[in-house]
Amino acid sequence: MTGWPVGLCLAVDNLLDNAVLHCRPDGSVDIHLAHDTGRSTVRITIGDDGPGIPPDQRYSMKERFTRGTRTRAPGSGLSLALVDQQAHLHHGTFHLGQSPAGGLEAALVLPGAGEPGSPREHTVESAPTTSS
Numbered sequence: 004m005t006g007w008p009v010g011l012c013l014a015v016d017n018l019l020d021n022a023v024l025h026c027r028p029d030g031s032v033d034i035h036l037a038h039d040t041g042r043s044t045v046r047i048t049i050g051d052d053g054p055g056i057p058p059d060q061r062y063s064m065k066e067r068f069t070r071g072t073r074t075r076a077p078g079s080g081l082s083l084a085l086v087d088q089q090a091h092l093h094h095g096t097f098h099l100g101q102s103p104a105g106g107l108e109a110a111l112v113l114p115g116a117g118e119p120g121s122p123r124e125h126t127v128e129s130a131p132t133t134s135s
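Residue 4 is where the sequence shown starts when you use the working numbering, and the numbers rise one by one after that.
Check the hints yourself; a few may be wrong.
[Said to hold, decoys possible] Here are the computed distance ranges between Cβ atoms for each label pair: (1) T69 x T40: 15 to 21 Å; (2) W7 x P28: 31 to 37 Å; (3) D29 x G115: 34 to 40 Å; (4) L13 x A37: 28 to 34 Å; (5) S43 x S63: 28 to 34 Å; (6) H94 x D29: 37 to 43 Å; (7) H98 x S31: 16 to 22 Å.
Simulated from the structure, these hints should not be mistaken for laboratory data. C-beta atoms are modelled at their ideal positions from N, C-alpha and C, and glycine is treated no differently.
Put together the whole structure using the sequences plus the hints.
The structure is reproduced here in structure tokens:
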């Protein structure tokens with residue numbers, strides 16, 4: 004998989020932070036990483052055992068500054084919007100559903116390296132230095 008490392012880290016960090024923040028105090032977070040060679044995709048799934056998001060609110064939770072009605076934790080309502088943004092920038096998808104534990108399951112699916120539509124990794128070259 005190729006892409007912008009900062010953006011990919013931001014997406015995964017936000018999903019992990021949300022899962023830990025919203026799971027039960029003595030709860031758990033499940034993380035799965037899978038490579039589908041048939042579709043040449045990478046799937047990152049993070050689920051928790053918290054209150055979850057009702058099905059009729061899941062789509063709107065990807066909008067900026069939107070917070071769930073069941074949330075008990077502080078926040079700005081930007082995390083899931085940023086994950087969705089990174090999914091689109093990397094030509095992938097972002098889905099919200101119910102985890103097997105009853106909380107939220109977030110799935111980030113990205114194209115594998117070298118696949119049509121997969122982003123190229125951006126590199127930044129340093130500016131030449133001059134000596135005095």
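Hint check results:
1. The beta-carbon spacing between T69 and T40, approximately 36 Å, falls outside the hinted interval of 15 to 21 Å.
2. A beta carbon spacing of about 35 Å between W7 and P28 agrees with the range 31 to 37 Å that was offered as a hint.
3. The hinted range of 34 to 40 Å is satisfied by D29 and G115, whose Cβ atoms lie roughly 37 Å apart.
4. With their beta carbons about 21 Å apart, L13 and A37 fall outside the hinted range of 28 to 34 Å.
5. Between S43 and S63 the C-beta distance comes to about 31 Å, which sits within the given range of 28 to 34 Å.
6. In this structure, H94 and D29 meet the distance hint of 37 to 43 Å, their C-beta atoms being roughly 39 Å apart.
7. Separation of H98 from S31 is about 21 Å and conforms to the stated range, judged on CB atoms against 16 to 22 Å.
Of the hints listed earlier, those the structure fails to meet are numbers 1 and 4, in rising order.
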